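Kindly generate the complete structure, drawing on both the sequences and the hints.
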Amino acid sequence: MDAKVEARVSHQFKASPERVYDAWLDPNKCRVWMASSLQSMGLAGDIRRIEIDARVGGRFFFSDMRNGVEACHWGTYLELDRPRKIVFTWIVDASGEADPSKVTLTIEPAAEGCVATMVHEMDEQWKDYVARTENGWLRMLQSVEQQLH
Amino acid sequence: MTSSTPERLLDDAFVALADPTRREILRRLAAGEARVTVLAAPFAISLNSVSKHIKLLERAGLVVRRKVGREHLLRFQPNALREAREWIAKLEAFWKAGLAELDELLTKEDESRESSDGRKG
Numbered sequence: 001m002d003a004k005v006e007a008r009v010s011h012q013f014k015a016s017p018e019r020v021y022d023a024w025l026d027p028n029k030c031r032v033w034m035a036s037s038l039q040s041m042g043l044a045g046d047i048r049r050i051e052i053d054a055r056v057g058g059r060f061f062f063s064d065m066r067n068g069v070e071a072c073h074w075g076t077y078l079e080l081d082r083p084r085k086i087v088f089t090w091i092v093d094a095s096g097e098a099d100p101s102k103v104t105l106t107i108e109p110a111a112e113g114c115v116a117t118m119v120h121e122m123d124e125q126w127k128d129y130v131a132r133t134e135n136g137w138l139r140m141l142q143s144v145e146q147q148l149h
Numbered sequence: 001m002t003s004s005t006p007e008r009l010l011d012d013a014f015v016a017l018a019d020p021t022r023r024e025i026l027r028r029l030a031a032g033e034a035r036v037t038v039l040a041a042p043f044a045i046s047l048n049s050v051s052k053h054i055k056l057l058e059r060a061g062l063v064v065r066r067k068v069g070r071e072h073l074l075r076f077q078p079n080a081l082r083e084a085r086e087w088i089a090k091l092e093a094f095w096k097a098g099l100a101e102l103d104e105l106l107t108k109e110d111e112s113r114e115s116s117d118g119r120k121g
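Protein chains in written order, with the working numbering: chain A, 1 to 149; chain B, 1 to 121.
Among these hints, one or two may not hold up.
[What the hints assert, rightly or not] Residues from chain A shown here face chain B by an in silico Cβ test under 7 Å; the list is partial:
#1 7
#2 9
#3 13
#4 15
#5 19
#6 23
#7 25
#8 28
#9 36
#10 37
#11 40
#12 61
#13 116
#14 118
#15 119
#16 120
[Stated by the list, open to error] Label-pair restraints from in silico Cβ distances:
#17 A:85 - B:110: 19 to 29 Å
#18 B:107 - A:47: 52 to 62 Å
#19 B:42 - A:96: 33 to 43 Å
#20 A:42 - B:52: 13 to 23 Å
#21 A:31 - B:32: 24 to 34 Å
In case anyone wonders, no lab produced these hints; they're calculated from the structure.
As the structure is a computational prediction, the values presented were derived from the model and not from experiment.
Ideal Cβ placement from N, Cα and C applies to all residues, glycine included.
Given below as structure tokens:
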């Protein structure tokens, strides 16, 4: 496939791949860094539930309060390969259950610490459409936008 | 449009873009507003089929129609595509913040470990 519709971010850690991997599956640590990351995005970061069943096929559930409403995120672990890789589905509302989006966290050792890369792919059904778009969806989007200017 | 949540819009936009005829229609409309009949002319398919494609594009919010007398004029509306971009940008900001804060937490752990080691030594 030429172009993928995905969100992709990387971060360099001083910590070892094992520590980054483990922090991802530790409910107490998740509670702390998720709260601060929500706060850094201007949200309250008022975490309600953090549930992690860290095995392949196991579920996780995170929720936080946003303006009096509980915002829920949940999914299933598809791959757990310590300390290299975690793959999970990511669902934000029940309508996404049928075709959940997929997140892949890859942790690669670096000279000092490691580099973690997260790729959040669109729902399977969308990916399919993208694959059938011979020039790639993003390229289409760019060319159409260019013609507008 | 009815329930135009970002997910719904995106879904429709992807269906709409998955077809070469519809992409060609969009390319032509990106050059400017056009009449349905003029738009349909270069395609080797019936006006009826072109109309069906246009309906799909309208449902996805990518094309809007206005009537001038008996003419139907179509215009490209890229908002639905912007939704897709924003969706990606939002997720990137979310995971970026997550990784940065995880780093912060692990760095703090190192610092407190170093300082307690220091006290012991």
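Here is how each hint holds up against the structure:
1. 7: Hint on residue 7 of chain A: holds, closest Cβ of chain B at ~4 Å, below 7 Å.
2. 9: 5 Å, holds
3. 13: 5 Å, holds
4. 15: 4 Å, holds
5. 19: It holds, given that the least Cβ distance between residue 19 of chain A and chain B is near 6 Å, below 7 Å.
6. 23: Check passed: Cβ of residue 23 of chain A comes within 6 Å of chain B, closer than 7 Å.
7. 25: 12 Å, violated
8. 28: 10 Å, violated
9. 36: Since chain B brings a Cβ to about 4 Å from residue 36 of chain A, closer than 7 Å, the hint holds.
10. 37: For residue 37 of chain A, the interface hint holds, since the closest Cβ of chain B sits about 4 Å away, which is under 7 Å.
11. 40: 5 Å, holds
12. 61: 16 Å, violated
13. 116: 6 Å, holds
14. 118: Hint holds; residue 118 of chain A Cβ to chain B Cβ min 5 Å, cut 7 Å.
15. 119: 9 Å, violated
16. 120: 5 Å, holds
17. A:85 - B:110: 19 to 29 Å: 24 Å, holds
18. B:107 - A:47: 52 to 62 Å: 21 Å, violated
19. B:42 - A:96: 33 to 43 Å: 39 Å, holds
20. A:42 - B:52: 13 to 23 Å: Between residue 42 of chain A and residue 52 of chain B, where Cβ atoms are some 44 Å apart, the hint is violated.
21. A:31 - B:32: 24 to 34 Å: 54 Å, violated
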